[in-house]
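J.: Single-letter residue listing:
There are 2 protein chains.
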Amino acid sequence: MTKLKIIFLATHQWQINELWEPKAKELAKNYDFDVEVRLCGELNDSDIKKVLKGCDGLITTWGSPLCSAEFINNYAPSLKIIGHAAGSVASITDESTYSTDVKIVSANPVMAQGVAEWSLLATLLTARNFGAYTAWHGMNKMNFPEAFNMLDIQNMTIGLWGMGDTSKHLLKLLSPLKPGRIIVASEHSSKEKIAELGAEKQSLEMLLKESDILHALVGMNRCNFERLGKEEFAMMKAGSTFVNCGRSRLTKETDLIEVLKSKHIKAILDVFHTEPLPEDSPYYDLDNVILTPHNAGFPGRDRFIPFLLEEFQKIFSSKKIQSNISKSRFLTMTKEAINYSA
Amino acid sequence: MTKLKIIFLATHQWQINELWEPKAKELAKNYDFDVEVRLCGELNDSDIKKVLKGCDGLITTWGSPLCSAEFINNYAPSLKIIGHAAGSVASITDESTYSTDVKIVSANPVMAQGVAEWSLLATLLTARNFGAYTAWHGMNKMNFPEAFNMLDIQNMTIGLWGMGDTSKHLLKLLSPLKPGRIIVASEHSSKEKIAELGAEKQSLEMLLKESDILHALVGMNRCNFERLGKEEFAMMKAGSTFVNCGRSRLTKETDLIEVLKSKHIKAILDVFHTEPLPEDSPYYDLDNVILTPHNAGFPGRDRFIPFLLEEFQKIFSSKKIQSNISKSRFLTMTKEAINYSA
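Here the protein sequences come in this chain order: A and B.
Residue numbers for the first sequence, in my numbering: 1 to 342.
Residue numbers for the second sequence, in my numbering: 1 to 342.
Simulated from the structure, these hints should not be mistaken for laboratory data.
Owing to the predicted nature of the structure, the values given are computational and were not obtained by experimental measurement.
Careful, some of the hints might be misleading.
One copy or any two copies: either way a pair holds, since identical chains are not told apart in the list.
What the hints assert, rightly or not - Calculated lysine to aspartate or glutamate pairs in the DMTMM-like style (CA-CA distance at most 25 angstroms, straight line): (1) Lys172 - Glu196; (2) Lys23 - Asp152; (3) Lys168 - Asp152; (4) Lys103 - Asp45.
Isolated chain A (complex conformation) (with noise of 0.2 angstroms):
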């Protein structure tokens, strides 16, 4: 029996250091997988189809080449799956690649686990007023009458924009605390799915007014795009937290920066118009605002290629898989390109 051939096809070197680990090899060799890891700026057009030839898996990343249905025809043919150690596989298919056999799945469940992580430490940190009366790193002295006026996450409301990886994973996380209520909008699940998931669907409109923190997770499509603006973030409740790690042009950054000098609400942010953040941005002068530089999804990286090759193995057992994007699926994630960079 031949062994199956995987290519992982990276763009930067930092991909290969990140996703190609230990484990990641060592899982390849126990399914006896040939897994040969390609740089794309050094393969020409047919080197491509050199590389390509014969293979089953092709592993795809940030900046990986669009797998079009002329594409697969053209360099894989033989190609049964593409697995993306990233999150959407928006940049690397289109709708042509969904009329061919190629199964397509990606790690974003595995990214999603670490941006609900990151979802938690906001929940926790908005629950308890933490910024407010933390002496921080030697930065600066405790402040005493701050110290009280949190809120306890039994009584809160924390309201989820989008039911995604991420939002479903950060349910599960949220579970043990008990939230008061959790709500949520969403285009995609039914108001009976999201009850499953112990939720509730309401409309975005309600989200704004009722949540004490309120998490941007949705996809981003053309009626999404910049869908908060000065009319919605007037809208929220009085000193919630708007806390978005997800697209960044889900709002108007400028009425988002009005909104924050206002004292109305506070934010928690890790994605911005502009990244790197730009050293004299306006948000560096807020005192109600908590800025992480994107790396909300960092963890885990080694367990992408992992997932992938296990869900690879069970295609190629002919078992059924889970993440299995579907060409509906697809029509619903991120097309925004993704502005990521080591």
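We have chain A already, so just place chain B on it with the hints.
T.: Using the frame of chain A, we list chain B on its own:
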């Protein structure tokens, strides 16, 4: 049938404001309890006798009188249950209390939820290395080089020193995060009991050496008093984080400050030898320390008395209660006087 008489003997008005809340009043009404709320300071010896005469239940809190067997026999001979609306009962009972038929319960399981939440937050801050790169409330800019230097919780070793209500609840909160390894040092819980809760029994020495984060959650007793000093801190894993929201006197504070100055470890602290922490405390100058003002257990106070009334109702209707404090449990509880002030 006469109403059951319950006295809430508070020592400060803020305790009444925070603890005798609508939820508690409503539950008392539902159970048809006759609850009288009194401030100790307003009562002389003969008043106390009058107030406690014929009472079935007594609610105590921080600063309430010691309910020894003598106190009970003299002042409240009909007493069936004492419910402590705070944590450790060490200040309101002594060994003689446990020779009477009076049952003792404490709101400690409720307070432990709040402390465990704070401990979960400390764990996430540590895993994410959050203090090292986050832009925090307008005080600094993001430190990019540190931003990808974080731990994956799924590979992390978490040490819990002590296996009381807080550790037990923390294990529940950590469970969906799938920590790599949780090791527990406890004098009172068996290897089997700890394994059942998803952790691994180890020596305190092993916890010091192997934990990426070490939570001091053990009760104070003669053996633990200033148990962690220079030698123990030196044993700790380089770069690991010491977390204390329990008892400050578990450590030699000057030794903790020295090891923090050396940058061998980091710390997140809620308790201090002197509280409130003096303005000139050396902790304030350390850039590897996060400080909170002894408020880890603050949330959920409005649930203390409802929890106790539920327990009272069980006792009065001869049902079994889960949280009854036995003499042996009492002997393991923190003996340190709790310096709590509003």
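J.: Now look at each hint and say whether the structure bears it out.
T.: Structure-based check of all given hints:
1. In this assembly of identical chains, the alpha carbons of Lys172 and Glu196 lie at most 25 angstroms apart whether taken from the same copy (12 angstroms) or from different copies (21 angstroms).
2. Taking the shortest alpha-carbon separations for Lys23 and Asp152, only the inter-copy value of 14 angstroms comes in at or below 25 angstroms, while the best intra-copy value is 40 angstroms.
3. Taking the shortest Cα distances, Lys168 and Asp152 sit within 25 angstroms of each other both inside one copy (22 angstroms) and across copies (20 angstroms).
4. In this assembly of identical chains, the alpha carbons of Lys103 and Asp45 lie at most 25 angstroms apart only when taken from the same copy (24 angstroms versus 81 angstroms across copies).
Every hint, counting from the list given before, is met by this structure.
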